[in-house]
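Each step along the sequence shown adds one to the number in numbering that gives the first Met the number 0, with nothing skipped, and position 409 is 408.
Derived from the structure by calculation, the hints contain no laboratory data.
Glycine is no exception: its CB is placed at the ideal position from the N, C-alpha and C atoms.
Careful: at least some of the hints might be erroneous.
Label pairs and their computed distance ranges (CB to CB) [said to hold, decoys possible]:
{"id": "1", "residue 1": "L80", "residue 2": "P200", "range": "23 to 29 Å"}
{"id": "2", "residue 1": "N177", "residue 2": "D383", "range": "43 to 49 Å"}
{"id": "3", "residue 1": "D278", "residue 2": "D106", "range": "17 to 23 Å"}
Distance condition first, Cα-Cα at most 25 Å in a straight line; then the derived DSS-like pairs of lysine-lysine [stated by the list, open to error]:
{"id": "4", "residue 1": "K248", "residue 2": "K171"}
{"id": "5", "residue 1": "K256", "residue 2": "K235"}
{"id": "6", "residue 1": "K78", "residue 2": "K235"}
{"id": "7", "residue 1": "K290", "residue 2": "K123"}
{"id": "8", "residue 1": "K474", "residue 2": "K533"}
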Amino acid sequence: MSNIKVTDLDFDILKENLKDFLRGQEEFQDYDFDGSGLQILLDILSANTHYNAIYQNMVANEMFLDSAVLRESVVSRSKALGYTPSSIKSAQVEVTLSVVEKDIYEDQPSSVALPQYSNFSASKDGVTYIFQNLIGQTLADSEETDSGGRKIYSGTFTINQGIMVEQNFEVKFQEDPNQRYVLDNLNIDISTLIVRVKQNPQDSNATYDVSTLAENVVELGPNDNVYWVNENESGKYELFFGNGRIGKKLSDGTLIKIQYLTTSGPIGNNIDTGFTFSDVINTSTSSYELKSISRTSSSFGGAEKESLEEIRFTSPKYYEMQNRSVTALDYKYLVQKKYQNIESIKTWGGEDNDPVYYGRVFISLKPKTGFFITDTAKKSIVNDIVKDYNVVTIDAEIVEPEYTFIELTTEVKYNLREVPQGEEYVKSLVLSSIQNFNQNNLGKFDSYFRFSRLISTIDDSSDAIKSNISTVKIKNRLIPNLGISSSYVSRFNAEVSPGTLSSSNFTYEGITKCLLEDDSLGNINVVSFSGNVKLSVKSNIGTVDYNKGSISLNGFSPTEITNGDDYINLILTPKSSDLSPLRNQILEIDSESINISMNNISEQFLTQNEF
Numbered sequence: 000m001s002n003i004k005v006t007d008l009d010f011d012i013l014k015e016n017l018k019d020f021l022r023g024q025e026e027f028q029d030y031d032f033d034g035s036g037l038q039i040l041l042d043i044l045s046a047n048t049h050y051n052a053i054y055q056n057m058v059a060n061e062m063f064l065d066s067a068v069l070r071e072s073v074v075s076r077s078k079a080l081g082y083t084p085s086s087i088k089s090a091q092v093e094v095t096l097s098v099v100e101k102d103i104y105e106d107q108p109s110s111v112a113l114p115q116y117s118n119f120s121a122s123k124d125g126v127t128y129i130f131q132n133l134i135g136q137t138l139a140d141s142e143e144t145d146s147g148g149r150k151i152y153s154g155t156f157t158i159n160q161g162i163m164v165e166q167n168f169e170v171k172f173q174e175d176p177n178q179r180y181v182l183d184n185l186n187i188d189i190s191t192l193i194v195r196v197k198q199n200p201q202d203s204n205a206t207y208d209v210s211t212l213a214e215n216v217v218e219l220g221p222n223d224n225v226y227w228v229n230e231n232e233s234g235k236y237e238l239f240f241g242n243g244r245i246g247k248k249l250s251d252g253t254l255i256k257i258q259y260l261t262t263s264g265p266i267g268n269n270i271d272t273g274f275t276f277s278d279v280i281n282t283s284t285s286s287y288e289l290k291s292i293s294r295t296s297s298s299f300g301g302a303e304k305e306s307l308e309e310i311r312f313t314s315p316k317y318y319e320m321q322n323r324s325v326t327a328l329d330y331k332y333l334v335q336k337k338y339q340n341i342e343s344i345k346t347w348g349g350e351d352n353d354p355v356y357y358g359r360v361f362i363s364l365k366p367k368t369g370f371f372i373t374d375t376a377k378k379s380i381v382n383d384i385v386k387d388y389n390v391v392t393i394d395a396e397i398v399e400p401e402y403t404f405i406e407l408t409t410e411v412k413y414n415l416r417e418v419p420q421g422e423e424y425v426k427s428l429v430l431s432s433i434q435n436f437n438q439n440n441l442g443k444f445d446s447y448f449r450f451s452r453l454i455s456t457i458d459d460s461s462d463a464i465k466s467n468i469s470t471v472k473i474k475n476r477l478i479p480n481l482g483i484s485s486s487y488v489s490r491f492n493a494e495v496s497p498g499t500l501s502s503s504n505f506t507y508e509g510i511t512k513c514l515l516e517d518d519s520l521g522n523i524n525v526v527s528f529s530g531n532v533k534l535s536v537k538s539n540i541g542t543v544d545y546n547k548g549s550i551s552l553n554g555f556s557p558t559e560i561t562n563g564d565d566y567i568n569l570i571l572t573p574k575s576s577d578l579s580p581l582r583n584q585i586l587e588i589d590s591e592s593i594n595i596s597m598n599n600i601s602e603q604f605l606t607q608n609e610f
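Produce the complete structure using the sequences and hints provided.
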């Protein structure tokens with residue numbers, strides 16, 4: 000038995016080891032271990048040992064963050080790093096509410112209080128969603144009246160998608176020393192938690208005291224009203240209170256009142272229709288009803304709770320932050336943790352910026368939907384997230400991503416004889432492959448465009464494809480101030496070929512269908528075409544840096560964009576078909592600029608008998 004290798008835990012090896020062991024015993028030297036009776040016993044012993052080995056291996060895996068597969072195990076390991084997984088997040092939107100008196104009152108106040116948790120509603124895809132203001136608001140006198148002479152009050156504030164719920168507990172340590180405070184709902188936005196405790200409920204003068212979320216135990220004493228929140232083994236959130244040394248200990252009979260927002264998460268994003276105020280404001284002397292409601296953007300910020308893999312990735316990096324933001328990576332992990340409506344994020348220090356800006360860190364975000372986050376979201380990230388963690392000498396600034404789109408032209412050579420479905424079928428396969436390549440490899444910060452991989456992807460779309468000849472151009476979008484002479488800089492961050500600048504059409508100085516061209520010497524001109532004749536409209540309107548791939552326009556004042564967009568496409572040909580993004584640049588294949596031509600070369604595959 001001492002010669003058995005305990006690491007050999009496969010069923011067949013275990014069985015052979017047991018046979019070898021039994022053959023070595025004097026009592027079993029004449030036994031046939033391949034007989035049916037002993038075979039059954041050996042199978043049972045081997046299977047039992049094999050299953051136990053698998054089970055023990057699985058148990059051991061759950062002890063480590065890298066190998067655990069159960070969410071409760073990953074969450075438990077992250078607790079040791081001081082990390083609480085993010086909950087579902089509610090969508091929010093900034094609205095301007097105007098209410099009007101239901102009647103003309105003699106006593107007209109200078110403002111009207113909008114109660115906390117007032118109900119608003121909006122619709123998307125035929126479904127109605129409830130929004131609430133989490134903070135009471137003041138609607139100021141607009142100094143206007145409606146057509147009936149009733150006074151109008153207005154205010155601008157943020158509302159969150161969801162419904163506020165209240166849950167109560169009574170501390171009963173004597174009955175249950177292991178009492179737990181578990182929140183019932185799975186769709187809780189824990190950032191909206193409001194916890195209040197009443198220590199002496201039998202005292203008629205006792206009131207509820209607000210308990211705050213503990214974040215730094217170093218500063219806590221025995222009388223601080225604080226709580227901690229963690230995700231428990233069932234995926235629900237559980238509250239913990241102080242022990243009398245770190246945080247105030249709750250006494251028997253203490254009442255706990257907990258309020259939180261239950262929300263639909265990302266489903267509440269991108270709602271932009273049907274906003275209305277569902278309540279009526281009543282005071283002791285007057286009532287007010289909806290006059291109008293407007294929004295500054297669609298709803299945003301809703302997100303699912305943090306997934307298992309996100310917890311596994313983020314928790315050790317959040318631990319590296321040590322509850323402060325100093326390096327650029329600290330800011331990245333902080334924003335990823337606190338703001339979940341992000342598909343991709345890039346941070347860099349001012350020393351790496353162009354131009355250099357010391358004492359500043361730059362943050363660029365690509366949202367899960369759309370190209371840019373809203374101004375309201377930017378303010379929320381800087382004021383509500385970053386401000387509490389950054390050091391005094393460093394300021395954070397959120398900048399927009401700079402999208403560089405790739406125009407792809409490809410000639411696909413294929414053998415039609417190998418495709419019964421026809422040419423259009425092969426073309427659809429190629430288009431689908433290109434779109435999948437874009438989705439899987441591009442569209443995020445630090446995603447490089449590898450031309451050879453795209454070529455291989457096109458060839459692999461179908462066995463009938465024999466080769467392809469592809470070329471790329473790069474395109475930036477310039478949003479001009481129409482009719483205003485302004486300066487612009489557009490960075491491609493790639494070495495480009497002289498004489499390749501072109502643009503989409505625009506109107507300039509009353510001349511339609513103008514475009515930009517360079518003269519191969521670095522100068523940019525506005526030109527127009529009359530048939531095949533090129534007309535010069537404006538010379539030396541800017542310059543091209545061919546080495547850096549940068550376009551500078553000075554005194555550029557188009558009055559109209561021909562295609563109806565709000566941007567002008569600036570197009571260049573890169574010297575290298577491999578493209579590398581820089582800082583907040585995102586590379587992405589423009590789905591509307593994929594040009595596929597099909598070339599049937601089946602005659603090259605004719606047999607001798609077919610000639």
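Right, here's what the structure says about each hint:
1. At roughly 37 Å, the beta carbons of L80 and P200 sit outside the given window of 23 to 29 Å.
2. For N177 and D383, the Cβ-Cβ distance of about 36 Å falls outside the hinted range of 43 to 49 Å, so the restraint is violated.
3. For D278 paired with D106, a C-beta distance near 22 Å keeps the hint of 17 to 23 Å intact.
4. Distance check on the hinted pair: K248 and K171 sit about 13 Å apart at the alpha-carbon level, within 25 Å; holds.
5. In summary, the hint linking K256 to K235 is supported, as the alpha carbons are separated by about 17 Å, within the 25 Å threshold.
6. A threshold of 25 Å between alpha carbons decides the hint, and for K78 with K235 the separation of about 15 Å falls inside it, so the pair holds.
7. Proposed proximity of K290 and K123 is supported: the alpha carbons are some 22 Å apart, at most 25 Å.
8. Among the hinted pairs, K474 with K533 is consistent with the structure: their alpha-carbon atoms are about 23 Å apart, no more than 25 Å.
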